[in-house]
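As they're listed, the protein sequences go chains A and B.
Residue 1153, in the working numbering, is where the first sequence stops; the numbers in between run on with no holes.
Residue 601, in the working numbering, is where the second sequence stops; the numbers in between run on with no holes.
FYI, nobody ran anything at the bench for these hints, they're computed from the structure.
A quick note: this is a predicted structure, and the numbers were derived from the prediction, not measured.
Keep in mind that the hints are not guaranteed to be accurate.
Reference listing, derived: stretches of chain A covered by chain B, where coverage requires no fewer than 3 residues with Cβ under 8 angstroms from a Cβ of chain B [said to hold, decoys possible]:
1. 952-966
2. 972-986
3. 999-1009
Not close to chain B: a few residues of chain A, all C-beta gaps over 12 angstroms, as computed [to be verified]:
4. 910
5. 933
6. 990
7. 1060
8. 1073
9. 1099
Distance windows between CB atoms, simulated [stated by the list, open to error]:
10. 584/B to 1018/A: 53 to 59 angstroms
11. 479/B to 1042/A: 35 to 41 angstroms
12. 1039/A to 393/B: 32 to 38 angstroms
13. 973/A to 393/B: 54 to 60 angstroms
Note that beta-carbon positions come from the ideal geometry of N, C-alpha and C, so glycine has one too.
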Amino acid sequence: MSVAPAAPLLEAGGLTRRFQGLVAVNDVSFSLRPGEILGLIGPNGAGKTTLVSLVSGTLLPDAGTLVFDGRRIERLAPFRRAHLGIGRTFQVMKPFPGLSVLENVTVGALFGRGGGERNRAHARERARAMLDFTGLAPRLAQRADALGGPDRKRLELAKALAMQPKLLLLDEVMAGLNAVEVDEVVALIKKIREGGVAILVIEHVIKAIRSLSDRVLVLHHGQKIAEGDPASVFGDPRVVEAYLGKRRA
Amino acid sequence: MSARWWVPLLGAALLGAVPWIGDETIMQFGIYLLLVAVLAQAWNILGGFTGYPSFGNSTFYGLGVYGTAIAMAQFHMPFWTGLALGGGLAMLCALLIGLPILRLRGPYFAIATLGLNAALSALVANLDVAGRNIGLILPLTRNDVLFYEGLLALLLAATLAVAWISSSRFGMGLIAVREDEDAAAVMGVDTTRYKIAALVLSALFSALAGGIYAYYVTFIDPASAFDPKLNVQMVIMAVFGGPGTVLGPVVGAFLLYSVYQALASSISTAAALFYGVVIILAVIFMPKGLVDLGWGLRRMGPRYLLETVRQYRL
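Take the sequences, apply the hints, and build the full model.
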C-alpha cells in the first residue's frame, strides 16, 4: 500500500440496475483512485458486466450516483463519458469486423478522451504506437474479423488504450488465453497503470487477479459481498463459498 | 494517386462534353443516367457509410420534386429559389424524422423508411397546394443542356462530398457506426448526431436531384415523385458498385442503368428481370460491391469469389 491516498477518480454510490424482476446490480458502492487497479470478481451472472456497463454508459442505472473526476456522470451518454476519459473493452468482443486492425484502433484515437485527435494522420500514428505496445503491430493490415482469439483480445485493449483513457474498464480480456498470454497481458496492464490510469478488471483467472489488483471487489447476486486487499478477500469464507468453492469443486 | 484522380476527372470532362456531341436521345438517356447516379451516391452517404439501409431516400427526392414544383407552379418563383426550397424542405424533414427513425436498426429501419415514403405520398395527394392526385405542371423550358450539366455538377459535388467523408474524421465515425454502433458509442462517437448529419446530407443531394428533374419533366404527380421503385434502383446501384466507396455507386449506376436500357429497348421482358438477377448475383458473389471485386480479383484471382461466399456463409 505504497500508493498515496489521492482523491478518487471514480466514486460509485448505491448503483442499482434492474432487468424486469431481476436486480442485476444491487446498491453497489466503490471508488477508484488514479493508478489503482480494482479487481472485480464473482460467479457467472453476478452482475459484473452490468456494473461495467453502468460505468461506461452502455446501461443507465435505476438508482445511484457516479462521480467521475468531480462530475456527476450517471445519466451521461456513452460517447460523453468516453470524451471525459472512460474507456472499456467488451467481454463479447466488439471489433469493427470489416476494418483493418490499424483502422480499428485509429477510431479510438480519433474519438476517445477530449473528443480525440482531429487529424487522421496523427490518429493513425497514435494507433500505431498502441499496436506496438500491445504486440499487434505485425497484424496491422489484417481485417479484424480475420484475427484469432488472443489477438482479438489484444485488439479490444489497443482500441480502448488509443482513447487515452483515465479510467479503463477491462471485461475479461484474459478469458481463453493460455498461461503465457495471460502473463503478457498482466504485464501490459501493469505498464498501463504506471501511466496513472485507473483500471477496473473483471477476470476469472484468479492468478491474474491476485497479482494485479490493489483491491478486490466481490459481487454475488448483484450485491457487494466483500471488498479489500486480495489476500484478505480470498481468505473470506463467504467469498470462498460463493465463488471459489463452487468453481474449484 | 494521379491515376486515381485522372480517370474520374477525364470521365467528368467527357461527360460534360456530351451535350455538344450527342443527339436528343442520348441527352434524354444521359439526364436520367445522371439522375440515378446522383441518387445512388446520395444513398451511399447514409447506406454505404453508416450501414442504415434507407428505403426512404425517394422521400427526399420527392420533397425536392414537390418543393421545386410548388414554388414554380403555384407561386411563380424562379427555378433556383424553388430548388433551394426543395432542398431545404428535405433537409428539415430529415432532421425531424432522423431522431425517431434512426433509433431503429436493420430491417426495422428499412421498413420505417419505406412507410415514410408512402405517408408523404398520401399527404401530398391530399394537399391543394401540391395539386392533389392530379399533380402539377411546371413552366416549360427546352434547355436540356442546363438540366444535363446541372445534374452532372450535382453528381460531381456529391462525389466530392463522399470523397471528403471517406478521408475525414466524420467519415471514420460513420464507418464505426456501420461496423458496430455500440462499440462506436463507447469509443466516443456521437452516434446520433453523426447518423442525422449523414441523413441530412443524403437528403439534400437527393432533393436537389429531384428538383432539377422536376423542372426537366415539367409534369409531376405523387406516384412518380414518391416512387419506391426509384429507391430500389438506387440501393441496387450503390450496393452493386460498392457501398462505402467513393466511385462505386457512380460506376454501379452507369453500368446497371446502361445495361438495363439496352435490354429494355431490345427484349423488354428480360429488362424487367434484370435488377432481380443483379441483386441475387451481387449478394452471393460480391456483397462488398464491384470496387471490392475488382480489387479482390486482382489480388487473389477467382479465389476471391469463393472467399466471399465462405466469409458471408452463403
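Here is how each hint holds up against the structure:
no., hint, result
1, 952-966, "holds (count 3)"
2, 972-986, "holds (count 5)"
3, 999-1009, "holds (count 6)"
4, 910, "holds (25 angstroms)"
5, 933, "holds (23 angstroms)"
6, 990, "violated (8 angstroms)"
7, 1060, "violated (9 angstroms)"
8, 1073, "violated (9 angstroms)"
9, 1099, "holds (19 angstroms)"
10, 584/B to 1018/A: 53 to 59 angstroms, "violated (43 angstroms)"
11, 479/B to 1042/A: 35 to 41 angstroms, "holds (37 angstroms)"
12, 1039/A to 393/B: 32 to 38 angstroms, "holds (35 angstroms)"
13, 973/A to 393/B: 54 to 60 angstroms, "violated (36 angstroms)"
The structure does not agree with the numbered hints 6, 7, 8, 10, 13 stated previously, though it agrees with the rest.
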